[in-house]
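S.K.: Sequence:
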Amino acid sequence: MELKAMYLYAAVLAVLLCSSVNFIQSPTDVLGPVALLEPTPSSARDFGAVVSDAPFAVMRPESPDDIALLLGALSSTAPSPRATVAAVGAGHSLHGQAQARDGIVVETRALPRDVHVVSARAHGGDDDATVRAYADVGAGALWVEVLEECLKLGLAPPSWTDYLYLTVGGTLSNGGISGQTFKHGPQISNVLQLEVVTGKGEVVTCSPIEIPELFFAVLGGLGQFGIITRARIPLQLAPPKVRWVRAFYDSFETFTGDQELLVSMPEQVDYVEGFMVLNEQSLHSSSVAFPAQLNFSPDFGSKGRKKVYYCIEFAVHDFQQDGSRADHVVELVSAKLSYLRPHVYSVEVSYFDFLNRVRMEEESLRSRGLWDVPHPWLNVFVPKHGITQFKGLLMDTVSADDFEGPILVYPLLTDKWDGNTSAVVPAAPDGVMYIFGVLRSTDPARCGRACVDSIMARHRRVADEACRDGGGGGRGIGAKQYLARQPSPARWRDHFGAGWGRFAARKARFDPLHVLGPGQGIFPRTDSAGSM
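If you want the working numbering, it's the position in the sequence shown, counting the first as 1, plus 346.
No lab work stands behind these hints, which were simulated from the structure alone.
Dumping the calculated DSS-like pairs for lysine-lysine here, alpha-carbon to alpha-carbon at most 30 Å:
id : residue 1 : residue 2
1  : K652      : K682
2  : K682      : K587
3  : K737      : K762
4  : K682      : K653
5  : K737      : K653
6  : K653      : K730
7  : K682      : K762
8  : K730      : K682
9  : K529      : K498
10 : K587      : K529
11 : K730      : K652
12 : K587      : K762
13 : K762      : K498
14 : K762      : K529
15 : K737      : K682
16 : K652      : K737
Throw the hints in and build the complete structure from the sequences for me.
M.R.: And the structure:
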């Protein structure tokens, strides 16, 4: 290990001592046999496939100490390091956020990905048992790997993402949302402890009571303060089965009203999402994973007079062997909804299959050649008062005839988001905001680079309008983008609003030379990176 450390430290110094990393022809010329590798085409590609910034080298660390050695060497070269570092997990960023032009990409999937479950059950006076359990997880582990290990003991984390093939460190650096978020909060609100390598190369264990400033900084911190290497995640009892329900609507107001009714019943309902149904393909693709026959054949209208439909999906956990309680709850809840009669459909599935439902949609898209394609997505948190206005802005940019992909729309409760984290949500006086997720796949045969650029420009105009403050009689909604890369540092300051001062102070404390997260474009590199 000492020899490896010497190789890596000497390699990094060689990079730093050159006036430009571009003067070195190959990482292996100076880095010896151990730590850094030549970049590959995948090093400059992500799921969004709209930005490609090639790094100088790639690191596949065997331990957090490897990362610490790299960052420690880079951060010791004040006033400004010669190279920046970006951490990448499963590579599902959308706009190059996990890339590092002429820098070093750290592939966290190379770290140990063990999942260690600790469980203790305290029995009360009744049949119920309170579970105090957690999982210590390597940050490079995929959430599906966490789920598989936890289910062996009948346990699972309470909060999820829709797609499970993302790394733990990746979602915790952003937010992590799904249909459970209204009940349990995002994934960043469901963390007990973290191990982090800061931008200064320090390996730190932190929690809400131990070095809390770092703990809350990195949660939703967009990779700006440190690289998460381990996480302790709370667990709860996992149901064997889930009763999964879908109901259809032809009114946006009725659709959102019923969603808000559902999220007001957390004792009965465990998951709430929804989506827009724009066309026949939209109806079909959204039903790939739903194992029930849908006898829903709506009239989408004619060109120029298109009609949009909506679908709510909710789920109830089923702990009973015969499913009687879940069926009863679904019956009671459904009776309160104002969906298009008789178009409500219910099916029983295993808990694993329910959480892994998007995998089937992925396989469908792969079979059609629509997975490894550009994804000009738009994700926006919209306060409740602005959802109708935002829908109007959005639909002005969407052609229902040929749109490919889901448009998610569902409510979240702002009081489930810990304000100490770095994540940004809009002000919502009534405590309700919606996520609008425009998850488009573009077919290269029909939509080339100019087409993708045009879509992104339209999305930018929608976001600009929606994210403007609506105070003083303005038309802005006060929304906030999610998983986005802002076009300039000034726009990042607008995004953080009143929280910018805290965010900048955290950067100065934990990554004063701006080594980390260059792909986000938040902190520009200067000769005096430590000055704000």
